Amino acid sequence: MGKLQRILALAVLAISPVLQSAYAETPQEKGRAIAEETDRRDLGWGDSDVVMSMILRNAEGESSVRELRLRSLEVPERGVGDKSITVFDKPRDIEGTAFLSHTKILDPDDQWLYLPALKRVKRISSKNKSGPFVGSEFAYEDLVSQEVDRYDYTWLRDENCGEAAPTMECFVVERTPLYEHSGYTKQVSWVDKQDYQPRKTEFYDRKDALLKTLLQLDYKQYQGQYWRTHRMDMTNHQTGKSTTLTFEDYSFKVGLSEGDFEKNRLKRVR
Amino acid sequence: MISGVRIAAAGLCLAAGALPALAKEPNIETSLELGMELRVFPNDPALGPQRDRAVSPSFYLEPEITADWNGGVDRLTLVPYARVDRDDDSRTHVDLREANWLHIGDGYDLVIGADKVFWGVTESRHLVDIVNQSDGVEDVDLEDKLGQPMVQLAVPSDLGTFSFFVMPYFRERTFPDADARLSSGVRVDDDAQYDSDAEEFHPDLAVRWSQVIGDFDVGLSHFHGTSREPRLLALDPANPSNLTPYYDQIDQTGLDLQYTTDAWLWKLEAIGRGGHGDYFPAAVAGFEYTLFGIRGSDMDLGFLAEYQYDGRDEDGSAPGTLANNDTFVGTRLTFNDVDDTSILAGAVVDNEDGSTLLSLEAERRIGDAWKVEAVARFFLNADSENGLTALERDDFVSLTLIRYF
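Respectively, the protein sequence lines represent chains P and D.
When you line the first sequence up against the working numbering, it's residues 1 to 270, in that order.
When you line the second sequence up against the working numbering, it's residues 1 to 405, in that order.
Keep in mind that the hints were calculated from the coordinates and are not lab data.
Some hints here could point you the wrong way.
Claimed, not checked - Partial selection, computed: residues in chain P whose CB lies under 10 Å from chain D: (1) N58; (2) P91; (3) L256; (4) G259; (5) K267.
Every value quoted in this text rests on a predicted model; they were computed, and no experiment measured them.
Think of the CB as a built atom: it goes at the ideal place given N, C-alpha and C, for glycine as much as any other residue.
From just these sequences and the hints, can you work out the full model?
Structural data, given as structure tokens:
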């Protein structure tokens, strides 16, 4: 191959996801290509550390606060999910409690819980994907890493991103969970065309009724590449409860490795 | 002059740059847990010396001070503990739950000082867990532990984590005062006797390997040293209810295994112990099965069952146990609400004589800094030959209000 041909071939390769989405024959292929592109743009983030706070509100307007820290590790192999440790700082009675998750694609995740009062690490069942995370409107499955192959996709239409990003155009993509024990029949997400980030997601319950809406706001870009939301508003339409999850600035590539996400290190985490 | 200003400015900048780092390290955190407890004993005591108090108040304090530096790889932890009980002089006590230095090295971590270590998987009995002595005055379930002085080295590897323990000082078990409830009417002497001439200074050793293999969590351990369980000897002919604790030298090998699949947790703990009469095996095996999101709600309902077997001699050469051939059944209701409400109810039934310990534990948070815990224990149908019989009239309900500062 001549030099020019090689450059051309490389250029075609580089824009092929865009071409795929532009020329996808079916809405299914187009929907998947959008998810692949979101995933591709996030490759290589390595590991990260972030401080989060959660405000839980009930229908009467009473609120309760959680403070937690999330450490995450990217596992580059396509067939293996990412790993994360969540450590709770507030409320005080669960301070130091830590939750370790090894995400799988379709198999059940491996999960452990560290209870500091007893110094006990318990392996727990991960069947509880649809259960509330610390009493919030987020389910476990809403917070684990969003691996592409966990869902089937269908592109529905293009439209303005709406309230979460009124100046942007979005792909509207329906996705159905392929993993077992999901609480949802489907999710409809609005993914912006510029950065391929989810801006809004609607969750439909097992009876296919609209259950929750998630707005992902305050995106910031790190290291010139990785976009992260800094505010997630989850509203439950059936109970009137809502949860706001906010993130302080992320630290990337802080030097975490597989060894930091082993069960036996959980009791050393702070 | 100008250069002087520049240098001063540069110096200030440097100082300013260095200041936040200085201010952060060591990173010191302090907290305090304060608990107020009421124990209600609905029945009159069975045994003469026991005080007849229907309501026993007590409170406890547990401060925690931690300091870490070098980016968190070095950490000092200090957790003193004190309880004051109006009706049990032995329950009024202090302890150092933790006082240690942790260093997370490259490929190892090291703890020097008093610490707490838990091994095991089952719920109704903790057979394998042997590092820490039980703080027996806290609750009859023996789940509260005294701080154990130790040097602990843990080395993680692809083949699992290997941990080594040297425990240079032994802690005696605590027992309720003879005239308090739940004492079984006996006075356990403060002056313990030991198998080892070194007494409480016998250096105890332990090693443990633990690994996750797919859906299996496995631990293998061996302990060589002073038994945490004493034999209680009646050495005082004038008063047979005066007992002397005797701590034998033992060797105990332990296995703990959990298989996690779907909503099932299958659990096994097994030990073999030498030094208490004939070498004997003991085991606890069972499961926990959880129904998640019952009836479309957020609540989880768990069912637990465990069988307890213990093959130790019953001729006095080994400490007595209630768990020689018993069955535990229980249920756990987790509300998954904002207040983390949960209830665990269970019964341990002696398969031979039907003696039953009924337990209920419930807790919920109140606001952001308070929590309430309720514990009820009932001793039912106790056979006259069973150890429970001495507790038969000591059924109790305890309510604890905890404030976190």
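Evaluated hints:
1. N58: 7 Å, holds
2. P91: 5 Å, holds
3. L256: Violated: closest Cβ of chain D sits about 12 Å from P:L256, beyond 10 Å.
4. G259: 6 Å, holds
5. K267: 9 Å, holds
Violated hints amount to a single one, hint 3; each of the other numbered hints is respected by the structure.
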